[in-house]
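Those protein sequence lines, which keep their order, are chains Z and U. For reference, each letter of the first sequence is one residue, going 1 to 390 in my numbering. For reference, each letter of the second sequence is one residue, going 1001 to 1174 in my numbering.
If you are wondering where the hints come from, they were derived from the structure by calculation, not from laboratory data. Beta carbons: idealized from backbone N, C-alpha and C, even for Gly. Any given hint could turn out to be false.
[As the list claims (entries may be wrong)] Computed beta-carbon distance windows for the label pairs:
| no. | chain 1 | residue 1 | chain 2 | residue 2 | range |
| --- | --- | --- | --- | --- | --- |
| 1 | U | Y1102 | Z | R259 | 32 to 38 Å |
| 2 | U | C1069 | Z | S3 | 21 to 27 Å |
| 3 | U | G1056 | Z | D123 | 39 to 45 Å |
| 4 | Z | S62 | U | S1148 | 53 to 59 Å |
| 5 | U | R1146 | Z | M192 | 39 to 45 Å |
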Amino acid sequence: MISGRNPMKDMVAIAAAATTGFVPHNSGRSQASFVAEASIRVLRDCGLTVSDVDGICGSSPSAATVQKMLGIPDVTWFANPSIPFVNHLAAAVSAVHSGLCDTVLVYHGAYRLPWNTASSLRDPFRRGSSMGLGVGGPGPETIAGAVGYTAWASRYMHEHRVPKEHFGYVAINDRTNAAANPASAMREPITMNDYLAARMIRWPLCLLDMDVPVDGADAFVVTTAERARDLPHPPVLVHAAALGMIDLNEEDQAPGLDRNGQHVTVEALKAKSDFWIDDIDVYFPYDGFTIITLNWFENAGFCGPGEAGAFIEQHWDTASNRILINGRIPVNPHGGSLSEGATQASGHVREAVHQLQGLAGPRQVPDARRALVTAGGFFFNAQGVMLRRE
Amino acid sequence: MASVANRPNMASAANSASDEELVARFPGHPVDHDSAAHYRGRLTRQLLVHRCAACGIWHHPPKPVCPACWSNAVEAREVSGNGTVHLVVFLHQGPPAAGVDYSTPYPVVTVELDEQPGLRFTSTVVGSANDTIVIGCRVVLDWIERDSTPLPVFRLVDPESQEAAFGSDTGVKP
């Protein structure tokens, strides 16, 4: 059942967002140190002190660790949701709206983990780090976790008979955009030839189809819209949020690309909101794997199943070598997970906030008023949030 | 009402491995009360999948109740292992495993089992060149040993694929 009830609509705001920037190598720092840096930056940016914070929300390190690390004296609410990042934001917004707390420090530490980079496995300080997600058995005979996206990418190519180039557009768009984002881990432009020649990791997906493991963190202040109006930056109102999931949410049991958590997310957002894709100024489809982005385009309603590649071709701006929907709407202008770095969507939300606050610098979309973030993949992690400037 | 004690572990596979031994035979696997019967089945080379005795619906991986009717009467039943390749990946790198050499990309397939539409089991394909393993292929169940423990795998039934497997060993996907 999908409800249109949404009493929190526009009642809670993101007052500020900050980042440490991201690096594609083992930084020699702990995940906690990045979270501390981003958190201190965002609180100072708002002119807030630790006494103003009464809620803490993030995955790793735990809220309890962040509280003692930053010396936040009292909180009345905290949570440690799992990725992707809309989960954290939705939890904080509902906590503020319900009165569990007034002002939440929301954080996400992106960290190079032993399961996705060999160099992290060799770092003894990282071996115990985890994203908190279970993986399949120890052998290769599973598609749980990251392999699941590759498996459904092959199914997508089989069902729709589309070429690999359709995936490549997503990677090229991100890399072009990342060049204008100093926080990005990867800023060297790539061509379609680069994409097609990239090292195969799990056929049919290659290195450039997969997000870049990075060290870094983002942090946010979430508070009532009323309180946010007294803070230095324009409030970004949280208009609607959804975490969509269906019962068959294991990677190998999912019914198909035509019915999964993305569809539930889209239906819920449309039911709860006053605007949709025709009214947005900037779009953030998740791009942990290129296949996810193609499916978000299709499931959000920009085009039909299997048509995302053709849609991107129609909306490719050759002058700037990137996607501009209707010549106007950029897609992941910060570079996304494929180029800014694997932030599990905190980077997408942070850039959306900065775009709506007019703080996106050389990437600024003129007079950006509404943003859509569709985070996560197909299975247990499809989520979305709609943001608007007051 | 069925109690935990007479739930799934009474499955047809009469393997007597203790819980302690079972966990030791499958290090890193999610062996617990609900999946133990499946793993005991592997030790006697039987592929056991949960089926509800009340409504007849199969499900996998093993769950403590039937997701379709909420009955506790789920039992691990042997499946034929016949099915159709639904998803396919070729790993150019992956976790270390005895007998797996990623220099030839390693196939991983999700097979839709004949027992029920949408009921799927994931493993590898043995005995065929990679370029013959495609979505839609018919497969049968086979077993190999890894670290002295049986592992359920699939084998293509298409005779041409079998022939290709014995012809060339360079089945590298594009």
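We went through each hint and held it up to the structure:
1. U:Y1102 - Z:R259: 32 to 38 Å: 33 Å, holds
2. U:C1069 - Z:S3: 21 to 27 Å: 26 Å, holds
3. U:G1056 - Z:D123: 39 to 45 Å: 51 Å, violated
4. Z:S62 - U:S1148: 53 to 59 Å: 40 Å, violated
5. U:R1146 - Z:M192: 39 to 45 Å: The hinted range 39 to 45 Å holds for R1146 (chain U) and M192 (chain Z), with Cβ atoms some 40 Å apart.
Hint compliance for this structure: hints 3, 4 are not met, and every other hint is.
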